[in-house]
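Colleague: All chains should be built: construct the whole structure from the sequences, respecting the hints.
Number of protein chains: 2
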Amino acid sequence: MATDRFVKRRNGVLRKLKAVGADALLVTNFTNVTYLTGFSGDDSFLLVSRTATVLISDGRYETQIADECPGLDVHIRPQKIGIVAAAAKIAARAKIANLGFESNSTTVDESEGLRTALKSAELVPVSGLVEELRLCKDASEVAALREAVTQAEKGFEVLKATLRGEQTELQVAHDLEHSMRSFGATGSSFAPIVAVGAHAALPHATPRRVLISDADFVLVDWGADGPTGYKSDLTRVLVTGKISAKLEKIYRVVLNAQLAGIRNVRPGARCCDVDAAARKVIEDAGFGKKFNHGLGHGLGLDIHEGPRLNSMTEMELKPGMVVTVEPGIYLPGWGGVRIEDDVLVTKDGHDVLTSSPKKFDEIVLS
Amino acid sequence: MATDRFVKRRNGVLRKLKAVGADALLVTNFTNVTYLTGFSGDDSFLLVSRTATVLISDGRYETQIADECPGLDVHIRPQKIGIVAAAAKIAARAKIANLGFESNSTTVDESEGLRTALKSAELVPVSGLVEELRLCKDASEVAALREAVTQAEKGFEVLKATLRGEQTELQVAHDLEHSMRSFGATGSSFAPIVAVGAHAALPHATPRRVLISDADFVLVDWGADGPTGYKSDLTRVLVTGKISAKLEKIYRVVLNAQLAGIRNVRPGARCCDVDAAARKVIEDAGFGKKFNHGLGHGLGLDIHEGPRLNSMTEMELKPGMVVTVEPGIYLPGWGGVRIEDDVLVTKDGHDVLTSSPKKFDEIVLS
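Protein chains in written order, with the UniProt record's numbering: chain A, 1 to 366; chain B, 1 to 366.
For the record, the hints were derived by calculation from the structure and aren't laboratory data.
Each hint should be verified, as a subset may be incorrect.
Since the list gives no way to pick one copy over another, a pair counts as held whenever it fits inside one copy or between any two copies.
Cross-link-like lysine-lysine pairs, in silico, BS3-like; alpha carbons within 30 Å at most [said to hold, decoys possible]:
(1) Lys-246 <-> Lys-318
(2) Lys-80 <-> Lys-318
(3) Lys-89 <-> Lys-290
(4) Lys-358 <-> Lys-347
(5) Lys-89 <-> Lys-289
Modeller: Here's what the structure looks like:
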C-alpha cells in the first residue's frame, strides 16, 4: 500500500519521541506534515502519538486530504476556530500528558496559544526531530528526486537547443521554467539563476534584462519542483561566444574539484572532509579565496536541507542522503564558474542522479 | 528620495513601540523587513530603534542590499555566526534595554536563542505591529499594486486570445504565468486556478490534465507578483461552449452580489457589513448556503493579509486599504462561479483597480 511509507515515517517519530520525554509530537512545519502524511497542501498541523494520529486542517482541503491521505484521521476545524485552538482540542481529547511541539517552526504566539488552551498537558519543545528523519531518503523519495532531475535536465536540453544571443537572461530563465513544466514539473524548485559574464560572479545572481550575447558564457543554476514536492538543483556553464583560455582553465579546475568532491561521497565520510577534498583542488590551483561558500547541501522536499557539506559540519554521510556537490570559482568583474550535481549516498559509495554533460567540449555551444 | 517612504514606515514602528513598552523592535518576518527597507531578499532581520536601524544579513546579499537600500546600516554576519546570535550582538551594541520581537513570526527556538545570547535586555513579545502598519497602503504601494494588476490583466488577455479546447487546465495555467512574466511580473502571485465545469465548484481547485473542451465554461483565479513584491488577485469565468440558462442565471446573481459588495467599500464601513451586503444578494436568490467562504481579503506584499472581509470582522475600512471582493456560488457536481476584483478604499469611497470585462456577454468566448 502506498500509505505504508507514511506509517513507517510516523513510527520513526514515535521512536525518537521516547528519548525526549514526550508522548506526542505536534508537527507545525508544513513540509514535515507533507513528509509524514503525503498531504501536499499547507495550513495544516499533524498530531502524532501512539494512540492517535490526526491531521488538523480546514474546509478548503477536505477533498484533497481524502484523495491524498486515504485512511488518515482528519479533523476539519470550523472557520471560527484557529488552527492552534483546534490542535489543543485534539491533543486534550487524546489525553496527551507531555506534548512535544516543533520549537524550530512553532512561533512564540502559537506556543503561548497552546499553553493557554491546553492546561492538561506539559509542553515539551522538540527541535529538528522530523528534519533528522528526513536526512535519509527512502526508495520512493529517491524515485521522486530522480523524476525532478529528469524534468530539470529535459528543460535544460530545450534551453540549449533554443538559446539565442538576442534573448535576455530573464527570458531564458522564464522559458526554462516553462519547459520544465511541459515535462511535468509543477515549477522551478527556486528562482533560476541565468547570468552572463561578470554577473556570474555573484553566487545568487538575479536574471536581468541583459542579452545572452553580451558575454561569451552563461551560468545557469536551476532545478525542478516535482509533482510530489521533491526538488532537483543543478548548475551548468555554457560557452556561447569566444572560447577563452582563462575560462577553460578555471572551468577545468572547478570540474576537477567537483569530481574530487563526488569521489569522496560515501557512507562514513564526514561532510567537512568531502568539502575539503573539493576545496583542496581549487586551493592547489591558487583560487582558494575565490571559492567563498560551502560545497553543497542536502535536498529533498526542501531545496536546502541537511546535511550541509561545508568546513564546519562533522556529520557522517549515510546511505540515502542526497547532497548537491557544487564548487565554484568567482572572479569579480570577470565572472564565475560553478558546476553542480545531485548525489545519492549508497551503501557502498554514491550514485550521481544528474547527468547533464559537463566536459569542457560538451558545454561549448558556439 | 526613494528611501523616504521606508524611513516614514520605520518612524511608524517607533511610534507604535512606545505603546507596548519596548525601545526597539527586532523584525524577523522577511516580508515585514521588505516593507520597512525595500530589501527584496530573505534570511535577514531588521532592528529598529530610535538610536539605531540595522539590517542583519549575510554575504550572499551584500551587493543587493547596497543596491536596494542605499544609506541603510547593514551588518553582514560571518558564516559561522547564526542570524539570531548576530541580531543579539547588534541589539547589545545598541544598548537596547527592552527589546520587542515579532512573536507572531519568531520561532520558540529563535526567542530562546535571543534570551540566551542577550542577557542585557528584557524581551517583549510584540504581535502584528508591522502588519497593522501595512493595512493602509501609501501611494508607492498603490502604484505597485496597479502594476501587478496590469500584468495580470495583460496575461489574461493573452489567455483569452489563445484559449483552445485542446489545451488542458494545466497548460492554460502554465501559459498564463509565462504571459504575465512577459509583461514584467516575476511570476504568479499564487498557483493559478484553472478549472472547467464541476471542478470549478472547489474554491481551491488545482489545475489538472483535463481538456478545456470537456466543459462549457472555465473559472480562472490568478494574479501577478509584481517586480517589487506587490500582488494582484482576480477571478473570471469564461464561457467556452454552450451558453446555459443556469450558468447565466448564477453568473448574474454572483455579479450583482459582487457589485453590491464593491458599492459598500468606503471609509468607515465595517468589514462584516461589506460581506453582508454581497451575501444578501446571494441569499435572496436562494443560494446562501452555496457561498461558503468570506467575501474577500486584503492584499499587498502578501497575497492574503488584513483586513478580512467576512462575517466576523468588525474592523472599519480606512483609506489606503486594498481588498479583494470575490463572492461565489458553488454547486457540487455542476460547477462554480466566482468573480473577483481588487478594490482600493479611497477618501470618499473606492477605486476598483482591476478592469477585466465581467458583463455576461463579455465573458462568452464561444
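Colleague: Each hint needs a verdict: does it hold in this structure or not?
Modeller: Going through the hints against the structure:
Taking CA atoms no more than 30 Å apart as the test, Lys-246 paired with Lys-318 passes in neither setting, with 38 Å inside one copy and 61 Å between copies. For the identical chains of this complex, Lys-80 and Lys-318 are inter-copy neighbours only, at 24 Å across copies versus 46 Å inside a copy, given an alpha-carbon limit of 30 Å. With identical chains, the CA atoms of Lys-89 and Lys-290 are at most 30 Å apart between copies only, with a shortest distance of 28 Å across copies and 55 Å within one. Within a single copy, Lys-358 and Lys-347 get their C-alpha atoms as close as 26 Å, which meets the 30 Å cut-off; across copies the closest is 61 Å, which misses it.
Taking the shortest alpha-carbon separations for Lys-89 and Lys-289, only the inter-copy value of 27 Å comes in at or below 30 Å, while the best intra-copy value is 55 Å.
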